[in-house]
Each structure stands twice: as C-alpha cells, then as structure tokens.
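Protein chains in written order, with this note's numbering: chain W, 1 to 370; chain E, 1 to 181; chain A, 1 to 258.
Treat each hint with caution, since some may be false.
Claimed, not checked - Below, in silico cross-link-like pairs of lysine-lysine (BS3-like), each with a Cα-Cα straight-line distance of 25 Å or less:
1. W:K239 to W:K270
2. E:K80 to W:K3
3. A:K189 to A:K226
4. E:K86 to W:K270
5. W:K349 to W:K270
6. W:K247 to W:K349
7. E:K152 to W:K3
8. E:K149 to E:K161
9. W:K239 to W:K296
Unchecked claim - Residues from chain W shown here face chain E by an in silico Cβ test under 8 Å; the list is partial:
10. K3
11. G331
12. V333
13. M336
14. E338
Since the hints were derived computationally from the structure, they do not count as laboratory data.
Glycine residues also receive a C-beta, built at the ideal position from the N, C-alpha and C atoms.
So the chains spell out like this:
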Amino acid sequence: MAKELLKGNIAIAEAAVRAGVNAYFGYPITPQTELLEWMAVRMPELGRAFVQAESELGAINMVYGAACTGARVLSSSSSPGVSLMLEGISYIAGTEVPVVMVDVMRGGPGLGNIAPAQADYNQIVHGGGHGDYHPIVLAPANIQEAIDLTYSAFDLAEKYRSIVIILADGSLGQMMEPAELPPMKPVIMRQPEWATYGAEGRERRFLSSIYLDPPEEEEANFRFERRWQEIKANEVQFKEYFMEDAKYAVVAFGTSGRIALSAVRNARAKGIPVGLFRPVSLAPFPEKELAAMAEKMESLLVVEMNAGQMLDDVMNITARRTPINFYGRMGGVVPMPEEIEAEIEELTKGNISNETHPRDRWLAHMGKMN
Amino acid sequence: MQKEIIIAGFGGQGVLFSGQLLAYAAMDQDLHVTWIPSYGPEMRGGTANCTVVISDQEIGSPMVSRPSAVIAMNRPSLDKYESEVKDNGVLVVNKSMIDREINRSGIRVVLVPGNEIAEELGDRRMTNMVLIGALLANLDVLPISALEKALKEHLPERHHKLLPLNLEAIKRGAAYITETV
Amino acid sequence: MSEYTVEEQVVYDRPDSLSSIQNHYCPGCTHGTAHRLVAEVIDEMNEKSNTIGVASVGCSVFAYNYFDFDFVQAPHGRAPAMATGVKRVLPNRIVMTYQGDGDLASIGMGEIVAAAARGENITVIFVNNANYGMTGGQMAPTTLPGQRTSSSPTGRDVETNGFPIRTAEMLATLDGAGYVVRRSLHDPKHVRQAKKAIRLAFETQRQGLGFSMVELLSICPTNWGKTPLQALHWLEENMIPYYPLGDYKVHPALSQKI
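Whenever a hint applies, use it, and build me the whole structure from the sequences.
See below:
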C-alpha cells in the first residue's frame, strides 16, 4: 500500500480500526482529540460502537464493560484524563481483561498545558493505579511506529489478557509524516473462554477484581507476576542507532528519542563516537539489553521530557556501574537537538562523577541556565 | 540532505496548508518529511506556525531551533524567526506586511510583496502560494514541479477551480531570486 | 381406614436465575426480595442465558454470586458506564445494573445521569435504603432530614449536609429515560407492584425504548437499629412521604401494558 501523509492521532485511530477494534469510548482532551473525532466518524460508518462518554471515568468503565464481553476495545486520552482513568485501569488489570489505551502526554502536573511532555512515565510504566499490576507500555517515536504498535497491540493484549498502553505525546499526536497503513482485518466478536457475553449453552461466568480471601488474592497476584515474567521474556522492543562503535550512548524514548537522534548525528559529524539506545517497550523495559550495552560504554546520557522518571530505572538497571548524566526539559518544553548535542559533548570530557546523583547535577546545571 | 523550514504568520494566512503542501510534495518525491504545527490556544486568532523537515534519511527531531529557511508572513513572525535562520539559510519575507529593515546578513533574504502580487492575481488568499514559490526558487530542496503536482493532488476538491491561480501565484513568487548577502 | 393420596404440588421454589447458595445479607434485609423479583422476571421472560448483570459496590457487591447468569462487577458508582460498554457491543443482550443509593446517587451520580440522558438501553435496579449499608450505616445522599446515621449522629442537618436526592424524579426529567418509577418492598402488595415494574423495566429494554430504572425503597434493619418489622413500618411511615411511590416516566409505547 502507498504511503499517506498522516497526522499521529488519526494514524493511531485508523490503525486501531484496521486491527478490528469493536468499540471505542473516549472523552475530548487536547492534544488527543483528533483521535476521538476520527473514531466518531469511522466507527459508526463501519457499524461499530462509539460513545463519547460523560468523563474519562465513564469512558474507562465503558471500556471495562465492553472488554469483559471479549470485544476489542480502545480508549484514548491525555495526561490529566489518564489520571482520572487510573481507577478503572487498576480494575481492568485486576479482572485480567485485554484493553488497549492511548495516552498522548501533555505538560503537567495539574491542568498544566497542552504541549508535549513525557511526565506520565511513572504514572503509566510503574502504574498509577492501586495494587500490583503491569501494563504493557509501548512508546512510538514516529508515526509509522505508532501505527505498527497500535495494530499489534490488540493481539498482544489478548495474548496476555493485559492492558496495552500506547504512550505518545502531543508532538507525535499533532505531527504529520508519510506512513503506510496496514490492511483492514475483519471485525469479529470474539468469545474467549473467560468472557461474559451471555451464558447460552454454557455455565454462567462472572468477571470481577474481587478476591475477598487474602490468600486467593495473593494467588491472583502471583499469577499476574508470573505472567509479567513471561511478557518480560518475550515482548521487549528497542531500537539502536550508531551503536556499533559507540563509546557513549544516549538513552531516550519516544519524541525525546527521535530528537536525540538528530543530536547524535550532529555529534557523529564532529567525530564523537556516540550512539542512541531507544527503548520502544517501556514495560517490559529492555533491561538486559540496556545493561549489556551500558557495560561497554564510557558513559550514558539519559534524555527525557520530564525530571528523570526513566532515569531512575536506567540507574537501577545499570547498577550505576556506568557513569550517567541526565538532561530533561519539563512542563511542555521540548529539548532541542543542540541542547542534547551540548550534553553529549559534556560526556566526552570524561569527568562525570559517580558520587553525586545525575538529577542533582542536572538541577544545578539548569539552575545556572535559568 | 536535510532542510528544515518554518512557515509563520497569522492564523488564516494559509500557514499550515503551505507546510502540508511542502510535506505532500516531499512525500511524492520519496523523501522523508515531518510536518508539525504549533497547536493549541494560539490556533485561534493569534500567530500560527509549522515546521517542515525534509530529508533523504530517517528524520530525528521534527522541531528545530535553527531552520534552513523561514517564511515570515507578518511582522511578529519576522521578529521571532529572523535571528534563528541558519547561516547561508533563506529568509522569505512577505514585504507587504513588514514595515522595517531586515537586520540579518549571511543569509539569503527574499523580499516578496506577497499581498500585492496576490491582489494583482485577484485573490488575496494566494499570498502563501507566492511565498512558497519564492522559497523553492531560493532553497535547494524540492523542484517547483513537485509542488505543482502536490497542489493538483491534495488541494481540497472544492478549491480545484482555484488551481490555475495557485500555479500562477507559485510562478510569480518563484521569480524572486536573491543571493546570500 | 380410608386411604387418601395427596398430590404434591410445588407452589414456591427458587427461580432458575437465582443461584442455589446462601447469601450474605442481614436477616430481614430486602435485598433478598429484590434479587428474587429480578430473577423471577428474568425467568418469566426467558432471558437467563441472554442477560449480563453489572454488580456495583455496596451491600450488593456480591450480586454476581447470587444471580445465575453472566455478571461483571463494576468500580464504585461506575456500573452504568460499564453496562453501557457491554450493551454497545452486545446490543441484543439484556443488560442490567443492580446498585444501591450510595453507589448510584452519590459517587455514581455522573454515570447514572449520563446513561439515562443517552437513553442507554439498560435496566437499573436501584435499591434505596437511605444509608450506606456495607460500610456500617453512614449518611447517604438519600438519608432523610433528621435521620440518625453513624456519620450524622445527631440526625441529618440539612443546613450543613444538604437535602436528600429524589433520584427517580430527577432522572425522569431526561428525554433518554424510557421508564422510571419508584416502588417499595415493605409489604406483599407493594412487593407485587415492584415485580410488575421490574418486568416493565426489562420490557422497556427489550423493546429498545431507552433507559429504564426501578427505584426500590428498602430497609436496613441492622444499621437502622430496628427489627425487620419495625424497619418495614419505618419505611412506610418515613420514607414513602419523602419518596412518593409512582410512575415518573413511562414511554407511550408501554402505556397499554400497565
């Protein structure tokens, strides 16, 4: 199929349509609204379910209900709306029903603004809802990747009876790029062996996140954890650029990952042997791959559009054996390639302390700038 | 090859569509391209801008602080972006909306009376096409023919009667060629 | 000696749609009555294998254990949203929620109003017992003025706690509502009327006439500190004057069935 010039939000929506999504429930919030608007046109014309809910609370619980029937279901929102959905997300995780969610992140905390940010990393990757649960989190850096990840997200969700969250940001949602849409899958109503779609011809079922007896709840939690082990073993995705002969590496995901690519290229043009390690699956995180890569590096630079939420994970995974610097912009401010390039040059000076915390050094450094 | 272009002006001057047109033209040439708008409250009434990056390899940042070229359709856009154009870059200025001298040197400054030309053509809405024509005549990124093809293929159907006028506007703008000073 | 034979006849049995397990409701609680009425109606309509219930949070949280058809269990207040999700992907199924007054009229007021306004083709069984039963009898949005609860120990003071909400009347104002009525479970006559209303509510759904809800005035002897009998009298004397029984919205297409 030929490439089309597609806006991120619409590309994600259409990828879900083509993956055979049965129902969409959402609530308008910038910068993801075009996704909802696209579904408002496409779903009814294809005879599928679409509801603009009364709130994100309504939306996520409509998703919950529809997912319990075995249907393929999608919702989307942006940071403040996702905060409101976390109750439902925890219930969905506790009930083990497959759901695909999109979070087009914006500046915060609070109402913040509508500019791109990555400050939902902790809320999504480490689960802002209550209880022990692990959503699969995929962070596209360009529109083709957003399409491909969304298209496969439903199979992934169903395979593990898990929540899959596409973690994008305002710039990916709003930008246009040429990309190829996948073929339309037939839309079918699935009837998995756990689903509640009416008990005709079988024993009745119920779906609930309640395990009143603590040992039973613990058993369920063990099941979640073991399933997570399986997901960690099978579903890691990441991309590497210029890593073959690199002595330094930038670690960044999503939009900050692609911006870092520009910085890495510029630094390479100056002869600096630097590469880029871009996790695509933030959960499961490419832990082994990152650790092995870090062993070979003189130092790492973590770049994020937040105050170093992934940084904490990178430090844990590498056990701080490799010196790490951090560079972050926050509140909807996007780091420019030149800023990252300057930070890469800083790495080459080879004087990164392993005594102080990267975040402390970054704060001190930013204090001088601002 | 990579070129970054910022198009800026008032909302309603056709800033976002001009950028999309470049993006379509680049896509049709099998190039990599990104188009990103400034979005949000400023969409309504205030200034609008978009950034288009065109490259022959996978594009990193879709946003840039030092663009290869800027089209400034009004005074606030000139004030904001004049200093950001890369050395040896291109600054296309809608002279009709600017009441001051250009300060930058070391770049190609292309002064085009966009509004007047568009009015001569009989449609003020052609200003953006005049300036896009001037951009492509001065920046080595896409042939004018690619733009014309994109226009034919991606101009909304209801505007197709305006196609000849658009093509003429591009041609008129492309006549403004300058050198780096 | 003359022999005579008695032909045994079953006059009272557990409805098919009610599971054969002991429930956790307090002695005298009218939840049991409400469950039975719903189950009888589902049986009579022959919809057992076609029905999906949505349980809420409150005393009826385990309704999914007691009804013998497919069930899901919603977060507190969100049953109408969850039911919407089920109904929209399975429009030919019967979908019901079973909610208490704290769940429906307090934390879930947004979801119930929105579902009714959308004319969501679901049936809501709304059990109003004027307090939060499960957490031990706190003030609910339906607690009467002056009524003592564990969180209004000197009686509900409307100056500080506001006024009770007449949910049925409120939802009946919405165009999406097809059938909204209030009934009571305090004596056999009213129980029979309640069952009739529940049947009509499900008929409303079956005919695609929009949102349907039956508000059932109920008792909570344990938290009210009364014997079941006292509680039934208290309901009749205190709740009915504040929450008048009646039909607040009846779709014209249903009127000939009444």
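Results for each hint:
1. W:K239 to W:K270: Given that 25 Å is the threshold and the Cα spacing comes to 23 Å, the pair holds.
2. E:K80 to W:K3: violated (34 Å)
3. A:K189 to A:K226: OK: K189 of chain A and K226 of chain A at ~22 Å, within 25 Å.
4. E:K86 to W:K270: Holds, at roughly 18 Å.
5. W:K349 to W:K270: holds (14 Å)
6. W:K247 to W:K349: holds (12 Å)
7. E:K152 to W:K3: holds (17 Å)
8. E:K149 to E:K161: Roughly 15 Å between the alpha carbons, so the hint for K149 of chain E and K161 of chain E holds.
9. W:K239 to W:K296: OK: K239 of chain W and K296 of chain W at ~17 Å, within 25 Å.
10. K3: holds (6 Å)
11. G331: At about 14 Å, which exceeds the 8 Å cut-off, the nearest Cβ of chain E leaves the hint on G331 of chain W violated.
12. V333: violated (11 Å)
13. M336: holds (4 Å)
14. E338: holds (6 Å)
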